[in-house]
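Q: The lines below spell out each chain.
2 protein chains.
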Amino acid sequence: MHTPPAKAELERILRGIVGDSGLVVGRDARARQCDPLRRRPVLAPIIVRPSNTTELSETVSACVELGQTMVIHGGLTGVAGGAYSCEDDVAISLERMTHIEEIDAVGQTATAQAGVPLAALQTAAAAHGLMYPIDLLSQGSATVGGTIATNAGGNRVVRWGMTRRHVLGLEVVLPNGIVLPALNRLVKNNTGYDLKQLFIGSEGTLGIISKAILQLVPLPTSESVMFLAVDDFDNVATLLNLARRLPILSAFEVMWSDYYELMASSDSGRSPLPRGHDFYILVEMLGYNEASDRSTVEDFLQRIHDAELIADVSLATSARQVRDLWRVREGSEVLVANMSPFVSFDISVDLRCVNTCISQIKQALSNRFASSRFVTFGHLGDNNIHMGVNIGPETLELESEIEGVVFSQLAKFGGSISAEHGIGQLKREFLQLCKSPEEIALMRQLKHSLDPVQLLNPAVLFNKRPL
Amino acid sequence: MHTPPAKAELERILRGIVGDSGLVVGRDARARQCDPLRRRPVLAPIIVRPSNTTELSETVSACVELGQTMVIHGGLTGVAGGAYSCEDDVAISLERMTHIEEIDAVGQTATAQAGVPLAALQTAAAAHGLMYPIDLLSQGSATVGGTIATNAGGNRVVRWGMTRRHVLGLEVVLPNGIVLPALNRLVKNNTGYDLKQLFIGSEGTLGIISKAILQLVPLPTSESVMFLAVDDFDNVATLLNLARRLPILSAFEVMWSDYYELMASSDSGRSPLPRGHDFYILVEMLGYNEASDRSTVEDFLQRIHDAELIADVSLATSARQVRDLWRVREGSEVLVANMSPFVSFDISVDLRCVNTCISQIKQALSNRFASSRFVTFGHLGDNNIHMGVNIGPETLELESEIEGVVFSQLAKFGGSISAEHGIGQLKREFLQLCKSPEEIALMRQLKHSLDPVQLLNPAVLFNKRPL
Numbered sequence: 003m004h005t006p007p008a009k010a011e012l013e014r015i016l017r018g019i020v021g022d023s024g025l026v027v028g029r030d031a032r033a034r035q036c037d038p039l040r041r042r043p044v045l046a047p048i049i050v051r052p053s054n055t056t057e058l059s060e061t062v063s064a065c066v067e068l069g070q071t072m073v074i075h076g077g078l079t080g081v082a083g084g085a086y087s088c089e090d091d092v093a094i095s096l097e098r099m100t101h102i103e104e105i106d107a108v109g110q111t112a113t114a115q116a117g118v119p120l121a122a123l124q125t126a127a128a129a130h131g132l133m134y135p136i137d138l139l140s141q142g143s144a145t146v147g148g149t150i151a152t153n154a155g156g157n158r159v160v161r162w163g164m165t166r167r168h169v170l171g172l173e174v175v176l177p178n179g180i181v182l183p184a185l186n187r188l189v190k191n192n193t194g195y196d197l198k199q200l201f202i203g204s205e206g207t208l209g210i211i212s213k214a215i216l217q218l219v220p221l222p223t224s225e226s227v228m229f230l231a232v233d234d235f236d237n238v239a240t241l242l243n244l245a246r247r248l249p250i251l252s253a254f255e256v257m258w259s260d261y262y263e264l265m266a267s268s269d270s271g272r273s274p275l276p277r278g279h280d281f282y283i284l285v286e287m288l289g290y291n292e293a294s295d296r297s298t299v300e301d302f303l304q305r306i307h308d309a310e311l312i313a314d315v316s317l318a319t320s321a322r323q324v325r326d327l328w329r330v331r332e333g334s335e336v337l338v339a340n341m342s343p344f345v346s347f348d349i350s351v352d353l354r355c356v357n358t359c360i361s362q363i364k365q366a367l368s369n370r371f372a373s374s375r376f377v378t379f380g381h382l383g384d385n386n387i388h389m390g391v392n393i394g395p396e397t398l399e400l401e402s403e404i405e406g407v408v409f410s411q412l413a414k415f416g417g418s419i420s421a422e423h424g425i426g427q428l429k430r431e432f433l434q435l436c437k438s439p440e441e442i443a444l445m446r447q448l449k450h451s452l453d454p455v456q457l458l459n460p461a462v463l464f465n466k467r468p469l
Numbered sequence: 003m004h005t006p007p008a009k010a011e012l013e014r015i016l017r018g019i020v021g022d023s024g025l026v027v028g029r030d031a032r033a034r035q036c037d038p039l040r041r042r043p044v045l046a047p048i049i050v051r052p053s054n055t056t057e058l059s060e061t062v063s064a065c066v067e068l069g070q071t072m073v074i075h076g077g078l079t080g081v082a083g084g085a086y087s088c089e090d091d092v093a094i095s096l097e098r099m100t101h102i103e104e105i106d107a108v109g110q111t112a113t114a115q116a117g118v119p120l121a122a123l124q125t126a127a128a129a130h131g132l133m134y135p136i137d138l139l140s141q142g143s144a145t146v147g148g149t150i151a152t153n154a155g156g157n158r159v160v161r162w163g164m165t166r167r168h169v170l171g172l173e174v175v176l177p178n179g180i181v182l183p184a185l186n187r188l189v190k191n192n193t194g195y196d197l198k199q200l201f202i203g204s205e206g207t208l209g210i211i212s213k214a215i216l217q218l219v220p221l222p223t224s225e226s227v228m229f230l231a232v233d234d235f236d237n238v239a240t241l242l243n244l245a246r247r248l249p250i251l252s253a254f255e256v257m258w259s260d261y262y263e264l265m266a267s268s269d270s271g272r273s274p275l276p277r278g279h280d281f282y283i284l285v286e287m288l289g290y291n292e293a294s295d296r297s298t299v300e301d302f303l304q305r306i307h308d309a310e311l312i313a314d315v316s317l318a319t320s321a322r323q324v325r326d327l328w329r330v331r332e333g334s335e336v337l338v339a340n341m342s343p344f345v346s347f348d349i350s351v352d353l354r355c356v357n358t359c360i361s362q363i364k365q366a367l368s369n370r371f372a373s374s375r376f377v378t379f380g381h382l383g384d385n386n387i388h389m390g391v392n393i394g395p396e397t398l399e400l401e402s403e404i405e406g407v408v409f410s411q412l413a414k415f416g417g418s419i420s421a422e423h424g425i426g427q428l429k430r431e432f433l434q435l436c437k438s439p440e441e442i443a444l445m446r447q448l449k450h451s452l453d454p455v456q457l458l459n460p461a462v463l464f465n466k467r468p469l
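Quick note, the sequences are listed as chains C and G, same order. Using the working numbering, the letters of the first sequence correspond one by one to residues 3 to 469. Using the working numbering, the letters of the second sequence correspond one by one to residues 3 to 469.
Please note: incorrect hints may appear among the correct ones.
[Said to hold, decoys possible] Only pairs whose alpha carbons sit at most 20 Å apart, straight line, appear in this in silico EDC-like list of lysine to aspartate or glutamate:
id, chain 1, residue 1, chain 2, residue 2
1, C, K364, C, D260
2, G, K414, C, D106
3, G, K9, G, E67
4, C, K414, G, D106
5, C, K9, C, E89
6, C, K364, C, E396
[Unchecked claim] Away from chain G, derived, C-beta distances all over 12 Å, residues of chain C:
id, residue
7, T56
8, V356
9, S418
To be clear, the hints were calculated from the coordinates, so they are not data collected in a lab. From the three backbone atoms N, C-alpha and C, an ideal C-beta is built for every residue, glycine too.
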């Protein structure tokens with residue numbers, strides 16, 4: 003238990019480190035929001051914005067000396083409350099650390115400060131014929147550091163994996179202020195513990211990522227997208243199995259009929275195929291050779307047609323059609339307009355029982371809340387299903403109860419309560435549903451070893467209490 | 003500092019846990035070798051062979067209670083001395099834990115005990131049209147647990163990555179005997195620290211892997227291999243850059259002329275192209291569609307021919323020719339026959355300076371040892387170069403000095419002293435060449451947190467001394 007120091011003294015010390023332009027205080031801090039979906043102002047009275055690793059390290063050291071809790075801010079696009087602060091905290095924002103130090107076109111790597119937005123990284127990479135394969139809707143705001151700290155996923159995990167796979171090296175400011183230089187740039191380097199792994203996906207609880215060396219891939223030059231209607235989940239699974247044998251497969255996005263009905267009836271140009279089928283699938287392929295990629299696509303279509311796996315198909319033949327098909331899958335404004343208020347789920351479950359699990363979740367919700375409405379869609383190739391649930395006007399008041407119903411069904415199937423969004427502060431109470439006591443004990447042991455006083459993101463992952 | 007207990011009492015306790023058939027003692031233990039390249043008997047007087055996780059956990063608990071150091075044995079194919087023991091140690095071998103519990107053809111995963119050899123895993127996977135993409139020459143002996151503990155690489159890292167990428171979940175017996183059940187099987191699961199990462203590549207110093215859930219890939223059905231002669235390293239780099247745009251690229255193996263000369267002159271059928279060029283490259287592509295893969299290969303050949311990147315080419319058109327081309331790259335018996343005694347290196351260096359670095363290493367060795375001979379080859383797409391060095395009959399006596407010359411040159415280029423083989427006991431003294439003091443301090447902190455008395459693989463990675 004620490005006593006917060008006089009904020010005036012703290013502000014004076016931090017100002018000495020980062021300068022006037024490095025501080026946002028009082029009403030200016032409170033004017034900021036730290037959740038992209040809910041109204042949630044920054045409650046920390048001081049936001050420190052170091053402009054380099056040295057300032058960041060000094061900021062952390064000063065906070066440690068004063069027993070001051072710190073909350074880390076990346077692009078503030080997380081939906082699990084990882085950036086929420088309280089009046090006792092100081093927020094540390096990486097927003098001024100936006101330098102892309104190098105794009106290495108030979109080794110196909112990028113070296114970037116933590117505050118670089120993914121969109122800026124993509125632009126820099128594309129200038130060298132390269133791509134960073136993490137594809138998020140929020141890429142204009144989501145940052146290198148934030149997406150590493152949360153091991154972000156997105157649409158193309160089925161081809162390129164999650165963020166963890168692309169991190170070659172990290173520089174991290176540890177909870178004691180020491181800078182850990184683990185800036186490996188080699189694909190293969192088996193010399194001792196791969197320490198960067200500790201920080202990837204740990205949601206800012208073990209250190210603050212200040213810089214990263216990332217693996218890029220060649221920028222694709224050919225793109226094909228098809229939209230399929232399918233009437234049986236077994237056929238969906240068979241299609242996925244066949245699609246996995248396409249080396250250029252880059253997305254396999256499944257939409258349940260509840261989702262597609264909403265899109266197709268929204269009068270927003272999101273109806274590439276007739277309504278009434280059970281499942282719709284968007285299959286994207288990204289490659290590097292127009293001719294052979296076209297032959298791959300045609301062969302695949304022929305094969306799934308001959309096997310009678312699909313009820314209907316639409317193949318995009320222009321960039322505009324590609325965009326239009328993706329608009330169906332990325333129809334968040336339709337969701338917001340038609341489903342609000344809704345509770346959003348990001349679950350993961352064994353492919354063999356995905357459909358049964360989803361059905362049982364919906365049944366359990368309908369049993370408990372008669373007016374339940376759902377939309378269901380997701381990255382099936384990665385076991386990852388997103389679900390929106392509205393049970394009526396009191397949806398948000400009953401959020402925790404709705405989560406309880408969903409997660410207790412999910413637990414029967416060994417599912418995960420968060421495929422990609424993370425635990426943050428909002429899902430802490432459910433962590434024990436998908437981590438064993440031994441795992442939680444080891445998590446706490448690591449947290450205690452690196453941050454014994456719990457000063458760094460103290461309310462994230464764990465309930466704030468003596469470890 | 004522990005006092006070893008009376009071995010008779012220890013043996014009695016361990017026999018009570020694993021039974022008579024679970025123990026190998028005395029002369030039978032000493033008769034075993036624990037290094038595939040050097041004569042190195044097992045010095046531990048007792049080898050415990052638990053047959054399941056419970057016995058393994060009880061074995062560890064018993065050793066902890068007695069302050070008994072433990073050395074872990076997988077397939078004993080490691081070349082960094084990770085399995086070396088001394089008379090004070092007990093060896094724990096996973097050799098009886100060889101059960102493949104499940105191949106899930108839908109989710110494309112395997113669940114296997116740690117002692118399963120990779121070849122057995124491959125056979126089981128192939129029966130379901132699947133493949134485990136780690137391809138090692140030692141796959142008949144190397145085990146699931148050992149390759150995870152050392153994050154094994156191999157020939158196909160350029161396509162599928164190292165072992166770390168394929169591990170979905172682990173069961174680990176911690177250094178205190180507690181079983182950590184982290185048996186995730188989901189591709190996406192962002193719920194707290196990804197604890198399995200801690201054990202992958204930590205060479206058995208933080209826990210004993212008892213079971214793993216592994217990600218498989220569809221078994222390729224089409225295979226193409228070409229052998230290229232190239233006369234300039236810039237062309238090699240350009241070729242790699244082009245090859246990376248082939249979605250079916252699965253190996254890009256470069257042989258320097260010193261290596262190829264040895265193979266081609268060995269009278270062992272390893273001479274697919276005329277001698278005299280500077281570099282030879284084996285390019286392998288594995289895919290799932292004969293027709294489109296053939297078109298990809300032909301298009302690539304046309305392209306690199308038009309760009310005048312290659313001096314000569316041989317394309318395998320039968321399974322036998324494919325095998326013959328791979329025999330050139332995997333000519334270890336020629337190396338042993340012509341280069342012995344030699345010191346073997348497994349280094350990793352930034353692609354932009356690979357060739358300069360290799361030249362400077364050879365120059366420095368030649369300056370120091372007039373009769374130096376080299377062979378140089380490796381997985382260039384992964385920055386990973388293997389090198390064999392013979393400086394005359396006294397090569398092995400001067401091993402440490404030879405390593406010093408190589409590693410001090412390598413350090414100038416920020417290279418890694420071990421791309422895939424690991425540190426073990428044999429490279430400990432050089433660890434500080436490629437890890438910063440802060441990294442080594444954090445490694446020690448983690449070791450101390452999990453294994454405070456240093457009972458598990460106590461001489462691996464770290465010099466055995468109070469942490």
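Q: Could you work out which of the previously given hints the structure breaks and list their numbers from low to high?
A: 8, 9
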